[in-house]
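Undergrad: Work out the full structure: start from the sequences and follow the hints.
Each chain, written out:
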Amino acid sequence: MKLYEYMGKKLLHRYDLQIPRGKVVETPAQAAEAAAELGEVVVKSQVLAGKRGKSGGIAFAATPGEARREAARILALKLQGQAFDKLLVEEKLTIEQELYLALTVDGLSRCPVILASLDGGMDIEDVPAERIVFWPVDINLGLQPFMVREICRRMGASFELARQLLVLLPGLYRLFRDLDAELVEINPLALTPRGLVAADAKITIDDDALYRHPQLPRIHEKTDLELKAGEMGLAYVELGGEIAVIANGAGITMATLDMVHHYGGTPANFLDIGGGAGVERTAQALELLLETKPKAVLINIFGGITRCDDVAKAFVRVKENKGIDVPVAVRLGGTNETEGRAILKKAGLEVFLSMDEAVRQAVGLARERANGSTVGSAETAPQGE
Amino acid sequence: MKLYEYMGKKLLHRYDLQIPRGKVVETPAQAAEAAAELGEVVVKSQVLAGKRGKSGGIAFAATPGEARREAARILALKLQGQAFDKLLVEEKLTIEQELYLALTVDGLSRCPVILASLDGGMDIEDVPAERIVFWPVDINLGLQPFMVREICRRMGASFELARQLLVLLPGLYRLFRDLDAELVEINPLALTPRGLVAADAKITIDDDALYRHPQLPRIHEKTDLELKAGEMGLAYVELGGEIAVIANGAGITMATLDMVHHYGGTPANFLDIGGGAGVERTAQALELLLETKPKAVLINIFGGITRCDDVAKAFVRVKENKGIDVPVAVRLGGTNETEGRAILKKAGLEVFLSMDEAVRQAVGLARERANGSTVGSAETAPQGE
Amino acid sequence: MAIYIDENTRVLVQGITGNQGSFHTAQMIAYGTRVVGGVSPGKGGQVVEGVPVYDTVFAAMEAEPADAGILFTPAPYARDAAFEAIAAGLKLIALIPEHISLHDTMEICAYARRKGVVVVGPNTFGLVSSGRCKIGFMPNRYFVPGPVGVISRSGTLCYEIVGNLTNHGLGTSTVVGLGGDRVTGLNFIDVLQEFAGDPDTGAVVLVGEIGGSAEEEAARYIAASMNKPVVAYVAGKSAPPGKRMGHAGAIIERDRGTFAGKIGALREAGVKVAELPSQIPALLKAVL
Amino acid sequence: MAIYIDENTRVLVQGITGNQGSFHTAQMIAYGTRVVGGVSPGKGGQVVEGVPVYDTVFAAMEAEPADAGILFTPAPYARDAAFEAIAAGLKLIALIPEHISLHDTMEICAYARRKGVVVVGPNTFGLVSSGRCKIGFMPNRYFVPGPVGVISRSGTLCYEIVGNLTNHGLGTSTVVGLGGDRVTGLNFIDVLQEFAGDPDTGAVVLVGEIGGSAEEEAARYIAASMNKPVVAYVAGKSAPPGKRMGHAGAIIERDRGTFAGKIGALREAGVKVAELPSQIPALLKAVL
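Chains as they are written, first to last, in our numbering: chain Z, 1 to 385; chain D, 1 to 385; chain P, 1 to 288; chain F, 1 to 288.
A hint or two may mislead.
Here are the simulated distance ranges between beta carbons [what the hints assert, rightly or not]:
{"id": "1", "chain 1": "F", "residue 1": "Lys115", "chain 2": "Z", "residue 2": "Gln97", "range": "28 to 38 Å"}
{"id": "2", "chain 1": "D", "residue 1": "Phe159", "chain 2": "P", "residue 2": "Ala63", "range": "13 to 23 Å"}
{"id": "3", "chain 1": "F", "residue 1": "Lys43", "chain 2": "Z", "residue 2": "Ala83", "range": "49 to 59 Å"}
{"id": "4", "chain 1": "P", "residue 1": "Ala223", "chain 2": "Z", "residue 2": "Gly50", "range": "26 to 36 Å"}
{"id": "5", "chain 1": "Z", "residue 1": "Gly195", "chain 2": "F", "residue 2": "Pro74", "range": "19 to 29 Å"}
{"id": "6", "chain 1": "Z", "residue 1": "Phe134", "chain 2": "F", "residue 2": "Glu64", "range": "37 to 47 Å"}
{"id": "7", "chain 1": "F", "residue 1": "Pro74", "chain 2": "Z", "residue 2": "Gln97", "range": "28 to 38 Å"}
{"id": "8", "chain 1": "Z", "residue 1": "Thr94", "chain 2": "F", "residue 2": "Lys43", "range": "26 to 36 Å"}
{"id": "9", "chain 1": "D", "residue 1": "His13", "chain 2": "P", "residue 2": "Ala63", "range": "38 to 48 Å"}
{"id": "10", "chain 1": "Z", "residue 1": "Gly50", "chain 2": "F", "residue 2": "Lys115", "range": "38 to 48 Å"}
{"id": "11", "chain 1": "F", "residue 1": "Glu62", "chain 2": "P", "residue 2": "Ala26", "range": "52 to 62 Å"}
{"id": "12", "chain 1": "F", "residue 1": "Glu62", "chain 2": "P", "residue 2": "Glu268", "range": "28 to 38 Å"}
I should point out that these hints are in silico values taken from the structure, not numbers from a laboratory. We put the CB at the ideal spot given by N, CA and C, even for glycine.
TA: See the structure below:
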């Protein structure tokens, strides 16, 4: 879960980092008011999309009037398709140097890793690797002062900068650990006359740890449908194509999408019902997809912890309760596949054994449907193997 | 640093353990007042000495009048030579079972260790070893729920007791670690109708970690002289004999005392000036001892990090500034011993090379002094080797 | 010879009394796995699928020592259960749950490394030494003995591929599910090293995904040290870009993590890359 | 052969710019120790007693790798300095400071064990391989080569005893100061095991104190496994009872910790026990 900049900064402040003086506002008038109080300001859209600066979502304003105008302009924007309703109005910092500082999780070393550089700012991704210190933290030890001293030495930080980082970095690490963060990134970490100030804040909290942080806000980046799917425990992403896809497992779902493309179709979505989905969850997934009015539905289940008979029962339930008026191609394999096939056969649906065949069938069905034909609906089962 | 029971209980409460309702009082009238509020009570002397119960320092009182009488009686006591001015007046608990629970540091396994038993109470030291669970805690891991479950199983705790200990023990461990405790001991941990309640609390904080706990009270068990010595960085214990002893290092100081006994003398004190004592500290140590009016002074220095010339200079300074009118036997060896001997020789004092000789000399000098002779004072040096 | 586990491996099931735990205990036993005990706090004394249940792992180990564990506990309790398994002396643990938090996984991995314990997962189907021992929940019938070692980040996709192998008469030596999370105990290289020294394994199938840099690291290892042919399939060619960890992710991954980057690195390392899962059997037959 | 350290051991001094650090660096060099670097944050680039100073241990190790470290930093900073030494790859560290907190010492010991690093101390004079390498602050001249291995909990008392040996023509192989704190990295048994396998050591002197149970544990080991004669002296026969750790201390120590208990256990293990430090040389001559 990504946090908005102003929320991230509030957390940084709680962990004793300096942040710019500022106010969260929702109208141009409030922006002007804040600017009257703060002096020269920067007006920043509070949106989770990246590259706000390059897309016009950040502006400086020397006067309250200018702040009002810029706020009005920015509030009218959509940044990378995302609407937003809050602006952060902050004092304009006097910046002597821009540092880069981040804490994230490194899959390779399986531990928290600190990234630090004296060459922070907009172009950090272009800074050569040797100018960025990469320091994996032994999680049993935590971040110790000697590590900060060594990081500073490798960064080439001055004695004075090192003195500040010796206080700042342990606070950042505590935040990272206390709040189950996946990412804490400050870019730039601005060196100002009053010391290091977090001029930006990107904090991502591990979704899987949110249950132990009830005090944190809940922020959703998803579409309504994705949100609804998430509440059902389904991993769902809209893709805009013709064939609605249900599969179980992220890997095979991706492989199914790849194969849909391979055989000339376009997937409407990514929908992973996950491991061990029962009748209820599978039925919900199917209903969700039907709401999106696809040209065809492709069900690709290779059961391990998921049981094929549960999937079949879910299909039957949805068909009986709501009806299914789009063509469906089904592949079932693995745990209880015989039972599953029998159930679907009874419901008049032929089932494929191979993924390739089911995908080819779905692509064909969608094409027919697009061409106005109704052949291949669930009622009139296609010929499987 | 040992904490008084009422302080320990306050800390336990802060870490979410239940403690009896109670009040700290200083007069019989206050005790009666507390009893009027609490009902049937127990009146407990707040003193660091052990075996309070057996020495009459704890009494039950059914009425405010009884509480007043018992408070008056207890306040008049001295327990193991220690005066005290506070009583803890607490509700009398309804105790179904007495458990024992402690966290301390185990030198052998070099880690925190939990001791737990269902057979708590007064006679815990007589409980057979197999009835007390001993669980060293991996300090890198901390106390984890699985450890508590396993401790409970080994104790033979009921499901309900285990449920309570799963909450209570992690709190106790946090207290132990947060406050640099050497010992946290609850005996008895009373099972009452409202759950487990800490009926007593013995908490000892590591003196060497007090610097990072400014919020904790400072409690001194020492005599005035020991306190003064402590402030000077000297390890000093009064022993009541005739020969004042200065040595450097706990081991050699103990060995010196042993040897004084071996040769028929009695040491007045244990005084370890520690490693690397300079002129100032050594002079202070000597002045401190002279204040106690011993029959003789024995200085036994084997220098490593301590330099013999510093010790010699300290002797000369004290002699010149304050005068030394008791006989002194000195042994110097190790770092800068030649310089040290030269300085003392110039000051008219012979120096022994061997510890045995110096001790024998000191014992002889003390005996002469006790017999009224003044031979062997610092002014008239004894014959060394 | 087998890697990690074999017919002598004594297995303990943590969370055995739950739905998943009991169902898959029966499945594992049916496969031939020596399940010697189960753990479920507060349920010691019960018997599930003929297997005695204990309150703690220590109690189970006292009754009959186990070598490996499989964990079916809900994600919020997985860290504690894994710690217990490691502390009590298991030498390999398969962490089945999805949604174990990243920080918990990091702590589990750190403790396991300290104690020399192999962690499979989390978010894995487990591992199987075909015909000898299954520690996981994959469907039994596809895992028949043969010369192919399989390492996969995804579960169902791995069954799909192993099922294809079986249909083409190709059995497996050992199949390891690394797990689908960002941090896992085993990675491709760990298992490739084991396969390199395993006489039962003639070729290896590597099943990857976009994201992370595990495939690129594997490619580096294969190019430098692998002594057996490797066939790979990577899912996600058409997937929407996943969430990136700020600039930090970009800095760590640099040009890695993309489909094209992974495929390129693997091809450069001499790996045969399949475009569809169904192509794998043919590619394998060409190298075996 | 020597134990722990020898003439090839490259030594790093942490806290080299302080009074103690610089003085004892000179003394160690005078003894023949190969001091290759010193560390003092913020003072990198200086030279102390001919030894280059670095800001961090990592920087020192980059310039010239060291094997062992000695730490003269003030107690509150000792944990961090020790962690740094361990993380940077030193294989042995002598912790000189007194008053390191117990919890800090426990953490240092845990990390050191994890990384396979030997911790001497804290609150120790160090250790010396006589005539080869001194890592500590004991007076140089008493430590001359010979057949006696010495292990001591106390510092000055150890010099006293080694001085007596020297005066009686008995040199030492290795002398190890365990340190005077309740928790120390090395204990008697660790060093006895090393001496058992050291051809340069013919007999061992064990210098103990009342309190704790280290001597009793040592006696148990000696009775069971020690292959060389051991002579012991225990200080504190007449000492006032020290502070006890509540009932917990009594429960852990049971009947151990007292002077009589220690002497009894040692005698029972076949150890010759001296009543005065000055008796040790004669006892040794009888067994060598």
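Undergrad: Each of the hints needs a verdict: does it hold here or not?
TA: These are the hints, each one checked on the structure:
no. : hint                           : result
1   : F:Lys115 / Z:Gln97: 28 to 38 Å : holds (36 Å)
2   : D:Phe159 / P:Ala63: 13 to 23 Å : holds (20 Å)
3   : F:Lys43 / Z:Ala83: 49 to 59 Å  : holds (56 Å)
4   : P:Ala223 / Z:Gly50: 26 to 36 Å : holds (34 Å)
5   : Z:Gly195 / F:Pro74: 19 to 29 Å : holds (27 Å)
6   : Z:Phe134 / F:Glu64: 37 to 47 Å : violated (25 Å)
7   : F:Pro74 / Z:Gln97: 28 to 38 Å  : holds (33 Å)
8   : Z:Thr94 / F:Lys43: 26 to 36 Å  : holds (32 Å)
9   : D:His13 / P:Ala63: 38 to 48 Å  : holds (40 Å)
10  : Z:Gly50 / F:Lys115: 38 to 48 Å : holds (40 Å)
11  : F:Glu62 / P:Ala26: 52 to 62 Å  : holds (58 Å)
12  : F:Glu62 / P:Glu268: 28 to 38 Å : holds (33 Å)
The structure is inconsistent with hint 6 alone, although it conforms to all the rest.
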